[in-house]
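> Sequence:
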Amino acid sequence: MNTEYGYIDQLNEQQQEAVLYDGGPSLVVAGAGSGKTRVLTYKIAYLIDRGVKPYHILALTFTNKAAREMKSRIGAVTGDDVAAQLWMGTFHSIFYRILRYEAEVISYPHDFTIYDASDSKSLIKSIIKEMQLDDKVYRATMIQSRISNAKNALVTPEAYEGIKDWMEADRKAKIPFLVEIYRRYRARCYRAGAMDFDDLLMQTNILFRDHTEILDKYRSRFHYVLVDEYQDTNFAQHLIVTRLCEQHRRIFVVGDDAQSIYSFRGANIDNMLRFKEIYPECRIFKLEQNYRSTQNIVDAANSLIHKNKGQIHKTVFSRNEAGGKIVVRTAYSDIEEGHIIAAMIKDMHREGDSPYAGFAVLYRTNAQSRLIEDALRTSNIAYRVYGGQSFYQRKEIKDLIAYFRVVVNPHDEEAVKRIINFPARGIGDTTVGKILSAATANDVSLWDIISSPKKYGLPINAGTMNKLLDFSRMITDLIDEKDRLPAPEMAELILTRSGLKAEYFGDRTVEGISRQENIAEALKAITEFSARIMEERGVDATLADFLVEVSLITDQDNDADEFADKVTLMTAHSAKGLEFDNIFIAGMEENLFPSIMADTEREMEEERRLFYVAITRARKNCVITHANSRFHHGQMVFPSPSRFLEDIDPDFLDYISKKSDNQAFNTAEINRQREPYQRYSPQITRRIDEPQGLKKLESTVGKETVKRDSIDGICLGDRVAHKMFGEGEVVSLEGYGAEARAIIEFDNIGKKTLILRYAVLTKC
DNA sequence: GGCCGGGGCATTTTT
DNA sequence: TGCCCCGGCC
Numbered sequence: 001m002n003t004e005y006g007y008i009d010q011l012n013e014q015q016q017e018a019v020l021y022d023g024g025p026s027l028v029v030a031g032a033g034s035g036k037t038r039v040l041t042y043k044i045a046y047l048i049d050r051g052v053k054p055y056h057i058l059a060l061t062f063t064n065k066a067a068r069e070m071k072s073r074i075g076a077v078t079g080d081d082v083a084a085q086l087w088m089g090t091f092h093s094i095f096y097r098i099l100r101y102e103a104e105v106i107s108y109p110h111d112f113t114i115y116d117a118s119d120s121k122s123l124i125k126s127i128i129k130e131m132q133l134d135d136k137v138y139r140a141t142m143i144q145s146r147i148s149n150a151k152n153a154l155v156t157p158e159a160y161e162g163i164k165d166w167m168e169a170d171r172k173a174k175i176p177f178l179v180e181i182y183r184r185y186r187a188r189c190y191r192a193g194a195m196d197f198d199d200l201l202m203q204t205n206i207l208f209r210d211h212t213e214i215l216d217k218y219r220s221r222f223h224y225v226l227v228d229e230y231q232d233t234n235f236a237q238h239l240i241v242t243r244l245c246e247q248h249r250r251i252f253v254v255g256d257d258a259q260s261i262y263s264f265r266g267a268n269i270d271n272m273l274r275f276k277e278i279y280p281e282c283r284i285f286k287l288e289q290n291y292r293s294t295q296n297i298v299d300a301a302n303s304l305i306h307k308n309k310g311q312i313h314k315t316v317f318s319r320n321e322a323g324g325k326i327v328v329r330t331a332y333s334d335i336e337e338g339h340i341i342a343a344m345i346k347d348m349h350r351e352g353d354s355p356y357a358g359f360a361v362l363y364r365t366n367a368q369s370r371l372i373e374d375a376l377r378t379s380n381i382a383y384r385v386y387g388g389q390s391f392y393q394r395k396e397i398k399d400l401i402a403y404f405r406v407v408v409n410p411h412d413e414e415a416v417k418r419i420i421n422f423p424a425r426g427i428g429d430t431t432v433g434k435i436l437s438a439a440t441a442n443d444v445s446l447w448d449i450i451s452s453p454k455k456y457g458l459p460i461n462a463g464t465m466n467k468l469l470d471f472s473r474m475i476t477d478l479i480d481e482k483d484r485l486p487a488p489e490m491a492e493l494i495l496t497r498s499g500l501k502a503e504y505f506g507d508r509t510v511e512g513i514s515r516q517e518n519i520a521e522a523l524k525a526i527t528e529f530s531a532r533i534m535e536e537r538g539v540d541a542t543l544a545d546f547l548v549e550v551s552l553i554t555d556q557d558n559d560a561d562e563f564a565d566k567v568t569l570m571t572a573h574s575a576k577g578l579e580f581d582n583i584f585i586a587g588m589e590e591n592l593f594p595s596i597m598a599d600t601e602r603e604m605e606e607e608r609r610l611f612y613v614a615i616t617r618a619r620k621n622c623v624i625t626h627a628n629s630r631f632h633h634g635q636m637v638f639p640s641p642s643r644f645l646e647d648i649d650p651d652f653l654d655y656i657s658k659k660s661d662n663q664a665f666n667t668a669e670i671n672r673q674r675e676p677y678q679r680y681s682p683q684i685t686r687r688i689d690e691p692q693g694l695k696k697l698e699s700t701v702g703k704e705t706v707k708r709d710s711i712d713g714i715c716l717g718d719r720v721a722h723k724m725f726g727e728g729e730v731v732s733l734e735g736y737g738a739e740a741r742a743i744i745e746f747d748n749i750g751k752k753t754l755i756l757r758y759a760v761l762t763k764c
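Those letters in the first sequence? Residues 1 to 764, by the working numbering.
Check the hints yourself; a few may be wrong.
With beta-carbon atoms standing in for the labels, derived distance ranges [unchecked claim]:
| no. | residue 1 | residue 2 | range |
| --- | --- | --- | --- |
| 1 | 433 | 600 | 39 to 45 angstroms |
| 2 | 395 | 496 | 17 to 23 angstroms |
| 3 | 716 | 295 | 23 to 29 angstroms |
| 4 | 395 | 206 | 33 to 39 angstroms |
Straight-line alpha carbon distances no greater than 20 angstroms define the calculated PhoX-like cross-link-like pairs of lysine-lysine that follow [what the hints assert, rightly or not]:
| no. | residue 1 | residue 2 |
| --- | --- | --- |
| 5 | 455 | 434 |
| 6 | 417 | 395 |
| 7 | 53 | 65 |
| 8 | 174 | 129 |
| 9 | 501 | 482 |
| 10 | 417 | 434 |
| 11 | 125 | 136 |
| 12 | 136 | 121 |
| 13 | 129 | 417 |
| 14 | 417 | 467 |
| 15 | 121 | 398 |
| 16 | 314 | 286 |
| 17 | 398 | 501 |
By construction, these hints were calculated from the structure, which means they are not laboratory data. No experiment lies behind these values; they were computed from the predicted model shown. Glycine included, each C-beta is placed from N, C-alpha and C at the ideal position.
Required output: the full structure, derived from the provided sequences and hints.
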């Protein structure tokens, strides 16, 4: 197919069809590694090129990272100023924006707070306490997830009571008051001017349901709606999208039912499977060519996933090299498993010039990381663990943000509770308890009581009263300043006036200094944010603006380590959407993977999909390990190998056991242009064969940049063309991910370093 | 208000 | 086995 748009030529036939089709609802069923993001990116770029205004395009993703990456990729085609006008973001952030704008009609303040998971949990705990329920029976985590599920299914407390099955189930589970907790929880959020994550979707639905004129407004604003990872949408998300599209029907969704792994969070694969029922006229596009992995990996993964029923039929295939088989290794113990992994990584790293950044170890549960970390540390292998405590979860940052929250919305109860006696100012639990009771009795917020304790007859002595008035005055003073001072100055003022500065900056211990650094980092973030707002909108950012920015940011957004040459450790869940040259999957055992918690067929299929996701992360090599003994909750268990191993066609597996010492096995090519096979001893560290004729690359492992000879299909020496710079030759390639760069000697303008993530290059 | 120790518990977690 | 939470004590 020939078009005037150069980037279209980079797509295969199926991808092109999906991008160019403009006849109505489209469902793109995209197999693992089949270029789903690429299709979505070019679809949007193409719409813009065809004259659709970027601000008429709504594109929804599940993570901030995905949204950011897609935006920059589109920007590389259309220009960043154009891409910036897109309505592109996570479901939560986009509808947060809309809800803030429309807050009034649903009786919420414009500057409403967002309760994160720990705020909700803490609120639920205090409700359980107030209702004098047994917190062993009414466990906050369980209650929280039930409430969340109800919200994701758009079930209000009133509706909940009408669902006989649910009420009956609660009675049987000895938690008949669940619906009452839910009711109070909702009332308390409302009283605090707060929404939790689920509310952002639920309230949007309520807004659209009850206010047709507002729904109409957004219907006509969003001429096109595109959704990524559609298999992960829950009912609330699905309904929002359906409402927005049911008239113009310009909806384009992309997903892979085989990669649906978040049903425990309410994701419903049926939203995708039933797309055809909602849009009978829809076109379904299947992307079946996998560009990521070797044939063996794709074939192995296919044989596994075909054991599931109820998938959309598709045949994923790879035209890459055949590659080595998936290696399965048995360890005596969980400890030895870690050492086997470490030793294999070390060998593959050394022999294949494969940088550590090209390795990931995946596991089912976070608890498994410890032993693997120990082994990597012993072997001096640099690693990083995903899913640790994120910056915004740290105590000192949460304290600071809590002050911000109170200044922006003093009715925010969770934030008030956090700061009212921190730093200590003599307002202890007893007083807070009295304030809470008074608030509940009068159905007003904590702040209403704190700011007029006498009016509500708060029963406290004169000394405490003075302390309370001091606190109240401090907050009022800060509130008076909040719209006058720009965010960075406001932050500085809060830090001083609250006493946080004195509290944290007197500490000379290692932890104390780390806290100070974190606070300094937060202040820096505010300053940078402020500068950006000034540049974009020409006004000073307020504290409220900053809160909007941070309340939906989570971990993994600011990982300085991201591009260092380190092995990545993470759960199989976190690995979705990522890819690595070499994947290790650890703990492939019954009761672990599949999880012991999976007992229904449905859950078992989800576990299998999770395994499928894990395998398909691998570009070149995949190694699966399992142990014959393992410490589990302080007890030694002797697990048998996972049933999923038997689901994979044995033709694609290479079982290596201790006994087969002489059968050296290959873990496939580390690098395409090199000798086909690397050989590893089945014994832990000793290598039997020296690889023949393996050309060593200069590798600056551990340094900032790592030289490479091919990245995403672009090789050293390739002739490439760039829209603006013309044609040239690739003279150097280095780095990973967003840091991946190419130095290109252009015929006309000479050498240029291009960030591959942004540059659109075509081979010529 | 902070520290210590016992008891209970223990998937996955884009926002 | 470790971690977290709570309650008791100083």
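> Against this structure, judge whether each hint is valid.
Status of each hint after checking the structure:
no. : hint                            : result
1   : 433 <-> 600: 39 to 45 angstroms : holds, 43 angstroms
2   : 395 <-> 496: 17 to 23 angstroms : holds, 19 angstroms
3   : 716 <-> 295: 23 to 29 angstroms : holds, 25 angstroms
4   : 395 <-> 206: 33 to 39 angstroms : holds, 35 angstroms
5   : 455 <-> 434                     : holds, 14 angstroms
6   : 417 <-> 395                     : holds, 14 angstroms
7   : 53 <-> 65                       : violated, 24 angstroms
8   : 174 <-> 129                     : holds, 17 angstroms
9   : 501 <-> 482                     : holds, 19 angstroms
10  : 417 <-> 434                     : holds, 12 angstroms
11  : 125 <-> 136                     : holds, 11 angstroms
12  : 136 <-> 121                     : holds, 15 angstroms
13  : 129 <-> 417                     : holds, 15 angstroms
14  : 417 <-> 467                     : holds, 15 angstroms
15  : 121 <-> 398                     : holds, 15 angstroms
16  : 314 <-> 286                     : holds, 7 angstroms
17  : 398 <-> 501                     : holds, 14 angstroms
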